[in-house]
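Student: Each chain is listed here by its residues.
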Amino acid sequence: MNSLIEVQEVSFKYPGALVLDKIEFTINQGEVFCLLGPNGCGKTTLLDCILGWLKPCAGQIMLNGNALTGMSARKIAKHMAYVPQIHEKTFPYLVRDIVLMGRASYMGTFKVPSAEDIKIAENALDTVGMLKLKERPYTQLSGGEGQLVMVARALAQNTPLIIMDEPTAHLDYKHELVILETIVELIKNSRLSVLMATHIPNHCYYFENQGISTRAALIKDHRIMALGKPSEVLTEQTMGELYNIKTHIIECSLDEGEQLKQVLPVRTLNN
Amino acid sequence: MSFTKRPGIIFILIAAPVIMILISLLIGRYPVDIETIIHILWCRITMQPCNAEDIYQTVVWDIRLPRAVLGAMVGGSLAISGAAFQGLFRNPLVSSGILGVSSGAGFGAALAIILFHQVAATYIFAFGFGILAVILSYLISRVYNATPTIMLVLGGVIVSSVFSALISLAKYLADPMDELPAIVFWLMGSLASARYSDIITAGIPMLIGTAGLILIRWRINVLSMGDREAHTLGINTGLNKGIVIACATLATAGAVCVSGIIGWVGLVIPHIGRMLVGNDNKILIPVSFLLGAVFLVIVDDIGRNLTGAEIPLGILTALVGGPFFVYLLKKTKGGGW
Chain A
0 MNSLIEVQEV
10 SFKYPGALVL
20 DKIEFTINQG
30 EVFCLLGPNG
40 CGKTTLLDCI
50 LGWLKPCAGQ
60 IMLNGNALTG
70 MSARKIAKHM
80 AYVPQIHEKT
90 FPYLVRDIVL
100 MGRASYMGTF
110 KVPSAEDIKI
120 AENALDTVGM
130 LKLKERPYTQ
140 LSGGEGQLVM
150 VARALAQNTP
160 LIIMDEPTAH
170 LDYKHELVIL
180 ETIVELIKNS
190 RLSVLMATHI
200 PNHCYYFENQ
210 GISTRAALIK
220 DHRIMALGKP
230 SEVLTEQTMG
240 ELYNIKTHII
250 ECSLDEGEQL
260 KQVLPVRTLN
270 N
Chain B
0 MSFTKRPGII
10 FILIAAPVIM
20 ILISLLIGRY
30 PVDIETIIHI
40 LWCRITMQPC
50 NAEDIYQTVV
60 WDIRLPRAVL
70 GAMVGGSLAI
80 SGAAFQGLFR
90 NPLVSSGILG
100 VSSGAGFGAA
110 LAIILFHQVA
120 ATYIFAFGFG
130 ILAVILSYLI
140 SRVYNATPTI
150 MLVLGGVIVS
160 SVFSALISLA
170 KYLADPMDEL
180 PAIVFWLMGS
190 LASARYSDII
200 TAGIPMLIGT
210 AGLILIRWRI
220 NVLSMGDREA
230 HTLGINTGLN
240 KGIVIACATL
250 ATAGAVCVSG
260 IIGWVGLVIP
270 HIGRMLVGND
280 NKILIPVSFL
290 LGAVFLVIVD
300 DIGRNLTGAE
310 IPLGILTALV
320 GGPFFVYLLK
330 KTKGGGW
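Protein chains in written order, with numbering that gives the first Met the number 0: chain A, 0 to 270; chain B, 0 to 336.
Worth flagging that the hints you see were computed from the coordinates, not collected in a lab. The beta-carbon is built from N, C-alpha and C at its ideal position, and this holds for glycine as well. You may find that some hints are simply not true.
Pulled from the structure, derived: some chain B residues nowhere near chain A, Cβ distances all over 12 Å [stated by the list, open to error]:
no., residue
1, L12
2, I62
3, V118
4, L153
5, S163
6, A173
7, M187
8, I213
9, R216
10, E228
11, L238
12, I282
13, N304
14, P311
Where chain A lies over chain B, by a calculated footprint (3+ residues, C-beta under 8 Å) [to be verified]:
no., segment
15, 87-96
16, 230-237
17, 288-298
Isolated chain A, as found in the complex (with noise of 0.2 Å):
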């Protein structure tokens, strides 16, 4: 297995507050990793020092084992793409002239996007199943739609490594389990891997029970707590440890022979 990205013992600080302490894992072709932990633990902070957008203060990241500092936005951005967790609208593109954005890197500083980007940005729209909706303005679509369409963005960027942050919040019970089908469908037909911070430990569980290689990073109090395959790390004692509830996990097969394993929450602790 190739690593794509090591992160290497990585702090960051704000004035006056650590916000990452000695952080460090590494991401591996075909697989799903992703970060829990209470709000404010550090998550958004890793994933943006990932993306070369903010510098940590100790240790360092590689890329495919080049080091991340100094590395060009163009270089970084074919190496990996970004779903944001809030993306603010501000005029109403077209859903095809958004998903063109994710061609920026191949092209040069004075070009236009060429009829082969153009197609590229299609095939994407048309692997989240969005097609249909390419020349509407992305200001009208639903919130899963848009979601959808940040996603067949960043495949047009064609890069081995998605990062998504928290990319089903704000959406409904469908579009939840639509983005995580997609993601699903994404590893096992493109061997892409994606690397998502997330507040909903069962989505860790669902990728497990979909059969992908899935590993979950716990993080509290800005460090690694755990890590490792979800049905190892997320039990009902980390899940009252990070979150400070009472947990219990079910396990169960369905008709069709699939397992199901997930996290009930119970109720808070308090202590």
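Fit chain B to the supplied structure of chain A, relying on the hints for placement.
Tutor: Showing chain B alone in chain A's frame:
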């Protein structure tokens, strides 16, 4: 309403400024018939001796033509810079003056009027102070060693208000008999003094700025996604923002220094463009230039013909543009906002 399905619009938009410039040769206090105009244009272009009366030649070739051409360039430059800044600042309410170029140029002109009483100095001071204002805004925004968009806007607001105060100070100190009216008229905008030398000197920054914006136009789409997303899409945000700001500033400063302050064009013309061709800057940026050019030539024709005295452009742009904008808003149902 996709642009690609309406190729007719592109043809009309490209032809419109040229047609409008030719029409303005016909319009004016001194009647010149169309054959004479065609004859004069033909002789001048082919360098043949012209047998039209001198007065006609002066009116058409030395007064109306440079004025219309300069009007088209100024209108186009203001509109294209406005469109670029709206994308860059992710804010549809931004105009070409957001970083203080207009107030800086206004102060430079006022200073030159008080100190030198001569036109050439006014151009140079207006241009220089316009550029200086933007550089100051940019430096203010760099207090954090980066240029977050919001800090740029804040820098622009600060610099604009300082220069507005300095304009007031200049007016207060100016001689009320001749300097004060000159400052006030300059600030209201006019193309009345247009000559070919203006087209050449002010045209250089306008053309460089416009050409730069047209070249980098698609990148403005990406920049409008915000700094973080633009970075993850593979764009050097600092460098690309710098190029857009430099080009838009050159174009605006070039326009303002010959024409004075003409509001409205840099704010609303890009919106008219958005309604006609959509928001993709690949198309919107050049279309804004063409629309701005047509608009200012029309407004200037109205301004110099409506009454005996010329009406300053800054007044008319809003008076003419306002109702037209409302009409378009109604017709296109807001264009997707």
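Student: Hint by hint, say whether it matches the structure.
Tutor: Hint check results:
1. L12: holds, 18 Å
2. I62: holds, 38 Å
3. V118: holds, 36 Å
4. L153: With a cut-off of 12 Å, B/L153 remains clear of chain A, as the shortest Cβ separation is near 18 Å.
5. S163: holds, 28 Å
6. A173: holds, 42 Å
7. M187: holds, 32 Å
8. I213: violated, 9 Å
9. R216: Nearest chain A Cβ is 7 Å from B/R216, so the label is violated.
10. E228: Non-interface label fails for B/E228: nearest chain A Cβ at 6 Å, not farther than 12 Å.
11. L238: violated, 8 Å
12. I282: violated, 10 Å
13. N304: holds, 37 Å
14. P311: holds, 32 Å
15. 87-96: Answer holds; 3 residues pass the 8 Å Cβ test.
16. 230-237: holds (count 7)
17. 288-298: The restraint on the segment 288-298 of chain B is violated, since only 0 of its residues have a Cβ under 8 Å from chain A and three are required.
Comparing the model with each earlier hint shows violations of hints 8, 9, 10, 11, 12, 17; every other hint is respected.
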